[in-house]
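Novice: The residues making up each chain are set out below.
6 protein chains.
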Amino acid sequence: MGRARIALFAGRAHPDLAAAVASELGTELGKCLVENFPDDELQVEIQEEVENRDAFILQPTSPPSAGRLLELMLMADACKRAGALRVTALVPYFGYARQDRRTRPGEPVGARLVAELMETRIDRIAAVDLHTPAIEGFFRAPTENLSAIPLLAEALRHDVSRSSVLVAPDLGAVKIARHHAELLDLPVAHVHKSRLSGSEVRVRGVAGSVEGRSPILVDDMISTGATLASAMKALLDKGCVPEFTIAATHGLLVGDAARRLADFPVTRILLTDSLPPPQFGTLPVRIVGLKGLLAEAIRKLSSGAAQPRPVAF
Amino acid sequence: MGRARIALFAGRAHPDLAAAVASELGTELGKCLVENFPDDELQVEIQEEVENRDAFILQPTSPPSAGRLLELMLMADACKRAGALRVTALVPYFGYARQDRRTRPGEPVGARLVAELMETRIDRIAAVDLHTPAIEGFFRAPTENLSAIPLLAEALRHDVSRSSVLVAPDLGAVKIARHHAELLDLPVAHVHKSRLSGSEVRVRGVAGSVEGRSPILVDDMISTGATLASAMKALLDKGCVPEFTIAATHGLLVGDAARRLADFPVTRILLTDSLPPPQFGTLPVRIVGLKGLLAEAIRKLSSGAAQPRPVAF
Amino acid sequence: MGRARIALFAGRAHPDLAAAVASELGTELGKCLVENFPDDELQVEIQEEVENRDAFILQPTSPPSAGRLLELMLMADACKRAGALRVTALVPYFGYARQDRRTRPGEPVGARLVAELMETRIDRIAAVDLHTPAIEGFFRAPTENLSAIPLLAEALRHDVSRSSVLVAPDLGAVKIARHHAELLDLPVAHVHKSRLSGSEVRVRGVAGSVEGRSPILVDDMISTGATLASAMKALLDKGCVPEFTIAATHGLLVGDAARRLADFPVTRILLTDSLPPPQFGTLPVRIVGLKGLLAEAIRKLSSGAAQPRPVAF
Amino acid sequence: MGRARIALFAGRAHPDLAAAVASELGTELGKCLVENFPDDELQVEIQEEVENRDAFILQPTSPPSAGRLLELMLMADACKRAGALRVTALVPYFGYARQDRRTRPGEPVGARLVAELMETRIDRIAAVDLHTPAIEGFFRAPTENLSAIPLLAEALRHDVSRSSVLVAPDLGAVKIARHHAELLDLPVAHVHKSRLSGSEVRVRGVAGSVEGRSPILVDDMISTGATLASAMKALLDKGCVPEFTIAATHGLLVGDAARRLADFPVTRILLTDSLPPPQFGTLPVRIVGLKGLLAEAIRKLSSGAAQPRPVAF
Amino acid sequence: MGRARIALFAGRAHPDLAAAVASELGTELGKCLVENFPDDELQVEIQEEVENRDAFILQPTSPPSAGRLLELMLMADACKRAGALRVTALVPYFGYARQDRRTRPGEPVGARLVAELMETRIDRIAAVDLHTPAIEGFFRAPTENLSAIPLLAEALRHDVSRSSVLVAPDLGAVKIARHHAELLDLPVAHVHKSRLSGSEVRVRGVAGSVEGRSPILVDDMISTGATLASAMKALLDKGCVPEFTIAATHGLLVGDAARRLADFPVTRILLTDSLPPPQFGTLPVRIVGLKGLLAEAIRKLSSGAAQPRPVAF
Amino acid sequence: MGRARIALFAGRAHPDLAAAVASELGTELGKCLVENFPDDELQVEIQEEVENRDAFILQPTSPPSAGRLLELMLMADACKRAGALRVTALVPYFGYARQDRRTRPGEPVGARLVAELMETRIDRIAAVDLHTPAIEGFFRAPTENLSAIPLLAEALRHDVSRSSVLVAPDLGAVKIARHHAELLDLPVAHVHKSRLSGSEVRVRGVAGSVEGRSPILVDDMISTGATLASAMKALLDKGCVPEFTIAATHGLLVGDAARRLADFPVTRILLTDSLPPPQFGTLPVRIVGLKGLLAEAIRKLSSGAAQPRPVAF
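Chain order of the listed sequences is B, Z, G, V, D and R. First residue of the first sequence: 316, per the numbering used here; consecutive thereafter. First residue of the second sequence: 316, per the numbering used here; consecutive thereafter. First residue of the third sequence: 316, per the numbering used here; consecutive thereafter. First residue of the fourth sequence: 316, per the numbering used here; consecutive thereafter. First residue of the fifth sequence: 316, per the numbering used here; consecutive thereafter. First residue of the sixth sequence: 316, per the numbering used here; consecutive thereafter.
What the hints contain is simulated information worked out from the structure, not anything from laboratory work. This structure is a prediction, so every number in the text was calculated from the model and none was measured. A few of these clues could be false.
Stated by the list, open to error - Beta-carbon label-pair distances, calculated as ranges:
1) Glu526(D) - Leu348(R): 41 to 47 Å
2) Pro330(D) - Ser524(R): 53 to 59 Å
3) Asp500(V) - Asp355(G): 37 to 43 Å
4) Pro591(B) - Gly487(Z): 35 to 41 Å
5) Phe352(V) - Ser476(Z): 37 to 43 Å
Every residue gets a Cβ at the ideal spot worked out from N, C-alpha and C, and that includes glycine.
Required output: the full structure, derived from the provided sequences and hints.
Specialist: What follows is the structure, encoded as C-alpha cells:
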C-alpha cells in the first residue's frame with residue numbers, strides 16, 4: 316500500500332527532541348494539547364487531522380514514568396479514535412526495563428506489564444538501547460531496538476588513543492563494550508565481582524589488561540552512578556591511568572549520581588538526549604543527539620512503496 | 316466452587332481505609348512492599364502467599380492518578396504471576412471518570428482507556444459512586460458501582476429538618492439528589508444554567524422551591540468547588556436560609572476549593588473517605604467511613620458456596 | 316497508504332437511505348443479496364468485489380433490533396471473508412442504546428454487549444445522536460457520534476420567532492436543547508420532576524420562562540411519546556402558547572405514540588430518516604434527510620492519502 | 316475446586332423444556348425476567364443470586380434465531396456482570412448450523428459468526444445433534460455435541476421388525492442412519508442423487524436393499540420436508556412397503572412441511588423437544604423428551620469434585 | 316489503499332512449487348534462510364526488505380507436519396517483526412485437516428488448534444481442497460479454499476470416453492465426484508459401506524451403474540491407499556472395465572500406498588504438486604501443477620486498487 | 316475455591332520423568348493415548364475424566380522440538396475440550412529459549428512465538444532453569460522458573476574440596492556459578508573472550524584464580540559442548556588441576572558433544588533428567604532427578620485452600 320502521510324506528535328516528556336526529529340524530517344510537529352487539569356489528571360487533544368494517517372508519538376517513559384506512560388497512552392487513544400491507521404510510539408528511554416524478570420515470587424514483571432499496557436493502543440514501538448534486549452519479546456507488536464552505540468563510538472573516536480581501553484563496569488555491559496570495541500578497534504576489559512571463597516567478602520576484580528591504560532567506561536545507562544563509582548575504584552586499584560571517559564545512552568543521574576561521579580577524575584561523559592538532561596553539576600557532559608537516528612527510523616517504518624514519489628511528507 | 320481464601324492488599328493511595336476494611340472483615344492486610352526506586356520507578360513485592368487465592372487490592376486512583384494506577388497494575392501483575400485465582404480491584408475513587416466521551420474529535424476517551432488498562436490484569440472491579448454510571452459499560456469485567464448515598468443520607472438524617480431541601484448544584488447531580496430525597500423524605504430542587512436568549516449571557520436559575528429553606532447540596536464529588544460556589548450564590552439570590560450543608564462522596568478539594576467554599580455560610584460538609592483527606596482548612600468536614608460498604612462488597616464478591624450445602628442438586 | 320476504493324452496502328433496515336447516500340457520493344450501492352430462508356434464518360451474499368476495498372454497511376439497528384443486528388454482522392462477516400480491508404458500520408439509529416448501565420444488579424449492560432458483538436467483525440462505527448454519548452466508550456473501535464442537531468436546527472430556523480422557546484422534555488434532553496439554542500439564538504427551558512417532600516407525589520415542574528411562548532420540544536428520540544405528552548401538559552399548565560413544535564433525531568413512535576401526540580396542539584414534528592418512517596397517522600411530520608451527513612462521514616473516513624500512485628509490482 | 320452451586324435459567328425460546336430439566340435435577344429454575352419493551356427491545360433481569368455460581372442458560376436458537384440469540388446473550392451478560400463464575404449455554408437446537416462454509420465467495424460463514432458472538436459471554440456450550448459436527452471446532456470454548464440418537468433409537472425399538480430398514484434420505488444423513496443401525500441391529504440404505512451423464516437430468520437412486528421393507532427415515536432435522544418427500548418417492552419407486560417411519564432430532568417443519576409429509580403414508584414421526592413443537596396438523600408425531608439428556612449433561616459439566624471431600628476448607 | 320509491493324517466501328516444505336509460482340508472477344522468491352541448528356531447532360532469517368509490504372509464505376504443512384507448521388510460524392513472526400503489513404500463508408496441503416471434530420470426548424480438535432496457532436501470526440490463508448470445507452470456519456481470518464478440481468478435470472478430459480464413470484470411493488468424496496461430473500459431462504457412482512443387518516459384517520456396495528464402464532476414482536487425497544483399494548475391489552466385483560484412473564489433489568501415499576495400488580490395474584494417477592512428490596514406485600503418476608492457481612490467488616489477494624482509478628467518488 | 320482434583324499426563328517426550336513425578340505425588344499418570352498416524356500426524360486421546368479438574372501435562376520441548384510442542388498443544392486442547400478447569404504445562408526443558416531476541420532484523424523471536432503458541436491453550440507454565448530468565452515475561456500466563464541449581468549443588472557437595480573453584484564457561488553463566496558458590500561456599504571464576512586490540516584475534520581469558528585448583532564448570536545446558544571445550548582449554552592454559560567436573564541442568568549433547576568432551580580429563584558430569592538421556596558414550600555422567608522438584612511444584616500450584624480453615628473471615 317502506498318505510503319500514508321505521517322503525523323508526528325510530541326508528548327511532554329521530551330518536546331525538544333521531538334522538535335529536532337521533526338526538523339530533521341523537514342516537517343513540523345503535529346499540533347496537540349497536553350496539559351494537567353486542576354486535579355492533576357491529564358488533558359489531551361490532538362489538534363491535527365490524523366484520519367487514515369500513520370501517526371508517531373515521541374515520548375520517553377522517563378521519570379515520572381507512570382505519568383509519561385499514561386500521557387503516551389492518552390495520546391495514542393486520541394489518535395486511534397480520530398482515525399489514525401497506525402500508531403507508533405518512539406520511546407527513546409523505556410522505563411521499567413529493569414523489571415524484566417521476577418527475582419522473588421511476589422514481584423511483578425514490570426517491563427512486560429508496561430509492554431502490554433502500551434499494546435492496548437500502540438501498533439509499533441521503536442526504542443533505543445533497551446536495558447534487556449529480550450524486552451523486544453515482551454511485545455507482540457513489531458519492536459525496533461535502535462542502537463545509539465555507533466553514534467557514541469563516533470563521538471568518542473577523536474578522543475581515544477592507542478592506550479585507551481573499553482571497560483564494562485559490570486558483566487551486563489560486556490556486550491556493549493564489545494560493540495564499541497569493534498567500532499573503535501580497541502581492547503576490552505570488564506569489572507566483575509569475585510570472591511576468594513563463598514563465605515568471604517566479595518571483591519571487585521578486573522578481567523583484561525588496564526594497567527597504564529585510559530579507561531573508557533561504557534554502559535546503557537547511568538542511574539545512581541554507584542556501579543560506575545565502584546568500577547572506577549577497582550580500575551584505579553589495578554593501576555589504570557587516572558583519567559576516565561564515560562559513555563552511556565541514557566543519562567538518568569538520579570539522586571547523588573552527579574556528586575558521586577565528581578569524586579573521580581572523570582574527564583568527559585558522553586550521553587545521548589534519550590531523555591531530557593538532568594542536573595549534571597560540574598560534570599563535563601557532552602550530549603550526542605538522537606534526532607538523526609529517530610528520523611531515520613521514522614523514514615524506514617513509514618516506507619513501503621519504495622518507488623520514487625514526488626513530495627513525501 | 317467452594318470459597319477460596321481471600322487476600323486483601325493495600326496500595327499506597329489509601330492504606331488507612333484498607334486497614335479499616337481488613338479490620339471490619341476480622342482479617343489482616345496481606346503483606347506487601349510498595350516503594351519507589353531512586354529513579355522513582357515503583358518497586359512492588361507481594362509478601363503473602365496468594366497461590367489459588369482470591370485477591371483484592373484496595374487502591375483509589377486519586378491524584379496522582381497515573382502513579383496510583385500503575386501501582387495498582389503492578390500489584391495485580393504480581394498477584395497474578397504468584398498464582399492468584401482472581402484479582403479484584405477496589406477503587407473507591409476512580410480517576411479519569413470524567414473523560415467518558417469525546418467533546419472534540421481529537422480527544423481520548425480517558426475513562427475507557429483506563430478501564431482497558433485495568434483489564435489487562437484485573438478480573439473484577441468495585442468502585443464507589445462512579446461519576447458516570449455508564450463507566451460500568453467501559454469494562455468487560457463485572458463491575459460493581461457501590462453507592463455511598465445511603466451512608467451519607469444516614470449521616471445527614473439527624474441534621475435535617477422539615478425546612479431542609481435537597482439541592483443538586485447542576486443537572487448532572489439531580490439523580491443523586493433524588494436518591495437522597497427518597498431516603499430522607501425531603502423535597503428536591505436543582506440549580507441550572509438558563510439564558511434569556513441564545514446570545515445573552517447565561518444566568519443560573521433554580522428549579523424547585525428553596526426560599527426560606529435550608530439547602531443540602533449534594534453531588535458525587537467536590538473538585539475545585541466552583542460549581543458549588545455558583546450554586547450557593549444562586550440559592551442565596553433565591554432567598555434560601557443562609558446555612559448550607561454539603562454532602563459528596565469524593566472530596567478532592569483541589570486548588571482553592573477549601574478557600575472558595577469558606578466564603579459561604581457552610582455549616583457542615585459530609586464526605587466519605589473514598590480518598591485520603593485533603594487539606595480542609597477550617598471547613599467543618601465530617602467523614603463518613605466506607606469500610607463497612609467495602610467489607611460488605613468483599614464478602615459478597617467472595618461468597619458463593621460459603622453456606623453449608625446439603626447435596627448440591 | 317493510498318485511498319482504497321470504497322464499497323457501500325445496504326442492509327434491509329433502511330435501503331432508501333443507503334441509496335440516497337450512494338447517490339450523494341456519486342456512486343452506486345454494492346450488489347448484495349439479503350433474504351430469509353424458509354426457516355427465517357438470514358441468507359446473505361455480497362455480490363460485489365470487495366477484495367482489499369474499504370467497505371461500508373449502512374444499517375440502523377432499529378426494531379426488530381436483533382434481526383437487524385445479526386443481518387449487519389452477517390454482511391460484515393461476508394465482507395471480511397471476501398477480503399475487505401476494513402468494514403465500517405453506518406448505524407444511524409443504534410438500538411439498545413438505553414441499556415447503558417445496570418439499574419438493578421441482575422440486568423445486562425445491553426449497549427456494551429451490542430458494541431462487543433459488533434466489534435467481532437466491524438472495524439469502525441459511525442452513529443447518529445447516540446442516546447448516551449458515553450456509548451462511544453463501549454467501543455474499542457473508533458466511533459463517530461455524528462450530530463443531526465445542526466440539520467434539525469436549520470430546518471427549524473424559518474419557523475421560529477422571537478417568542479419561541481426551546482424546551483427539553485426531561486433533564487436528559489437539556490444538552491440537546493442547549494445545542495439548538497446556540498444555533499437558533501433562543502432561550503432554553505426544561506421540564507423536570509420535583510416533589511414537595513419525599514413522600515408526596517411528584518409533580519412536573521418547568522425551569523425557565525415559558526409563559527406566552529411557543530415551545531419547541533427537542534429530544535434525541537420519540538419512542539412511546541409519553542415523555543413528550545407529560546411535558547406538553549406541564550407547559551400548557553404554565554401558560555405556554557398552545558402550539559407545539561417537536562424535533563427529534565429518531566422517530567420510533569412505537570405503540571400509541573402517534574395517537575398520544577395527536578391529543579396535543581402539535582403543529583409540526585421534525586424527524587430525521589435515521590430509521591424508516593413509522594406510521595405517523597395524521598401527525599404533521601417533516602423529514603430531514605441524513606444522506607448528506609452520512610455521505611460526508613464516508614468521505615472523511617475513507618480519506619487519507621489521495622495522491623495518485625504509479626504502478627505496483 | 317469444589318463444586319459450585321448451579322443456577323439454571325430459561326430463555327423464552329423453550330421454557331417448558333427448561334422446567335422439565337430443572338425438575339429432573341430436583342431443583343427449580345432461577346428466577347429471571349425476560350420481556351420486550353414497547354419498541355421490541357429485550358428487557359432482561361436475572362432475579363436470582365448468581366455470585367460465584369455456575370450458571371446454565373437453556374435456549375435453543377430456533378426461529379426467530381436472531382432474537383433468541385440476542386436474548387441468550389443478554390442473559391449471559393447479566394449473569395456474568397452479576398458475578399457468575401461460568402456461563403454454560405444449553406442450546407438444544409443451534410440455529411445457523413447449516414451456514415458452515417461458503418459456497419460462494421461473497422457468503423458469510425454464519426455458524427462461525429454465531430459461535431464467536433456466543434463466545435463473547437459464554438464459557439461452555441452444550442448442543443444436541445449439531446447439523447455439522449465440525450461446528451464444535453467453530454468454538455474455542457469446550458463444546459459438547461450431545462446425541463439424541465440413542466433416545467430416538469430406543470423409542471423406535473418396539474416398532475421395528477425384521478423387515479425394517481434404516482434409510483438416510485440423503486448422503487449427509489448416512490452417519491446418522493449407521494448410528495441407529497448399530498443400536499437397532501438393522502440394515503442401512505440411503506437415497507442419493509445420481510445422473511446418467513453429466514448433462515442429463517439427475518435422478519434419485521437408492522443404495523441398499525429396500526424392496527419389501529418398511530423404511531425408517533432418519534435425519535438430524537426436518538425443515539421444509541422436501542428432502543424427505545423426494546426420498547419417500549424414490550423408496551416407493553423401489554418397491555418399499557408403503558409405511559414410513561420418520562425420526563429426527565429437530566422438528567422445525569417450516570412452511571408447507573406438514574402438508575408435504577401428509578401426502579405420504581407416514582405412520583409415525585419421532586421428534587425430540589429440542590425446540591418448541593411446531594404445527595403438526597394431523598401428522599402422527601410422537602415427542603421424545605430431552606430433559607434426561609440435558610440434565611445429565613448439566614450434572615457432568617458441573618461435576619468435578621463431586622465425591623465427598625473431607626474438610627475442604 | 317493502494318497495492319503494496321508483495322514479497323513471496325518459500326518454506327522448506329516445497330521450494331520447487333514456490334519457485335514456480337514466483338516465476339509465474341514474473342517475480343523472484345524473497346531471500347530467506349531456513350536451516351536447522353545442531354540441536355534441530357529451526358533457524359530462520361528473512362533476508363529481504365519487507366517493511367510495509369504484503370508478504371506471502373508458501374508452505375504446505377505436509378509431513379512432518381509439526382516441523383512444517385513451526386517453520387511457517389517462525390517465518391511469519393520474522394515477517395511481522397520486520398514490518399510486513401500483512402502475512403498470507405499459502406498452504407497447498409493443510410495438515411491435521413482430518414481432525415475436524417472429536418469422535419471421542421478425550422480427543423482434541425486438531426484442525427481448529429492448528430488454525431488458531433496459525434492465526435497468532437498469519438492474517439490470511441489460502442489452501443487447496445481442504446479435506447473438510449468447514450475448516451474455513453475454524454479460522455477467524457479470511458480463508459480461501461482454492462479448488463484444484465477444474466485443473467484435474469481438464470487434465471482428465473482427453474482420456475475420458477463415453478464409457479467412463481466418475482466414482483467416489485466413499486461417501487465423503489461424492490461432492491468431489493459431482494464437481495468433476497459437471498465439468499466432464501459424465502455420470503457419477505459411489506462406493507459405500509452397507510450391511511444386511513446391524514450385526515452382520517459390512518459389505519461395500521456401489522451406488523450407480525459401473526458395469527462395463529471405466530472408473531475414474533476421484534478423492535481429495537490419497538493417504539495409505541486403503542480406501543481406493545477397497546473401492547477398486549468393489550468395482551471389479553460389480554463388473555467394471557478393469558482399467559482404473561485415479562485423480563486426487565493431494566498425493567501423500569504414505570506407508571505401503573504405492574504397493575497397495577500397484578496390485579490393481581491402474582492406468583493413470585493424476586495428482587497435483589500440493590506437496591512434494593512421494594515415492595511412486597512404478598505407478599503411472601502424472602502431476603498437474605498448481606503454480607497457476609496459486610499465482611492467480613496471490614494476484615487476487617494482493618489486488619484491490621491496482622487498476623487506474625479516476626476520481627474515487 | 317477448594318482444591319480441585321488434579322490429573323497428571325505425560326507427553327511422549329519424557330514419560331519416565333512423568334511417571335517418577337506421579338509416583339512422588341502418590342498418584343498415577345492419567346491415561347492417555349499419544350501415537351502417530353501412518354502419515355506421521357499425531358493422534359491424541361485423553362482417556363481419563365478431566366471434567367473440572369486441574370490438569371498438568373509434563374512435556375519437555377526437547378528435540379524434535381516442533382513435534383514435542385504440537386503434541387503438548389494437542390494434549391492441552393483435548394484436556395480443555397474435555398472440561399479441565401485449568402491446564403498447566405510442566406516443561407522441564409524449554410526449546411527455542413535461545414531465540415529470545417533478534418540479532419538481525421529478519422529474525423523471529425522464536426521463544427516469544429513459542430510462548431504465544433502455548434498460551435492458546437495453556438493457563439500456567441512451570442519450566443526449569445530457563446536459558447534466559449526474561450522468557451518468563453514472554454508469557455502472559457503465570458510462569459514458574461524452577462531452579463535445579465540447589466539439587467545440582469547438593470549432588471556436588473561431597474565431591475568438592477577446598478581447592479575446588481566454580482567456573483562459568485562464559486559470561487552468560489556467571490549468575491549460575493554465583494548461585495552454586497553461595498550454596499557450596501566456594502570461589503568463582505569465569506572464562507571470557509577478550510582481545511588485545513579491536514583488530515587482533517580474540518583470546519579467551521580467565522577472570523579469577525584457577526591455578527592449582529580443580530574447576531567445576533557450571534552452565535544451564537550442554538549443547539554441542541564447544542563452549543565447555545574452549546573453557547577447559549583456557550583453564551588448562553592457566554594451570555588448573557587437570558580434573559574437570561561439569562554440572563548443567565540440561566544435557567542435550569547434540570552432534571559430537573560427547574566426543575568433544577571426552578578429549579578432556581573430565582571426571583564427572585552432573586546433569587538432570589530434564590530431558591531424556593542422550594548418548595553419553597563413555598562420559599562419567601551422573602543424573603540428578605527432578606521428580607521431587609516437579610512434584611513439589613505441582614503441589615504448590617494446585618494448593619490454595621487445602622488446609623482446613625476455621626471461619627473464612
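Novice: Is 53 to 59 Å respected by the C-beta to C-beta distance linking Pro330(D) and Ser524(R)?
Specialist: For Ser524(R) against Pro330(D), whose Cβ atoms are near 54 Å apart, the range 53 to 59 Å holds.
Novice: Using the C-beta atoms of Phe352(V) and Ser476(Z), is the stated range 37 to 43 Å upheld?
Specialist: For Ser476(Z) against Phe352(V), whose Cβ atoms are near 42 Å apart, the range 37 to 43 Å holds.
Novice: Given the hint of 41 to 47 Å, is the C-beta distance from Glu526(D) to Leu348(R) inside that range or not?
Specialist: 44 Å, holds
Novice: Check the following: the C-beta atoms of Asp500(V) and Asp355(G) are separated by a distance inside 37 to 43 Å.
Specialist: 39 Å, holds
Novice: Is the distance from the Cβ of Pro591(B) to the Cβ of Gly487(Z) consistent with 35 to 41 Å?
Specialist: Check passed, 39 Å falls within 35 to 41 Å.
Checked against the numbered hints above, the structure breaks none of them.
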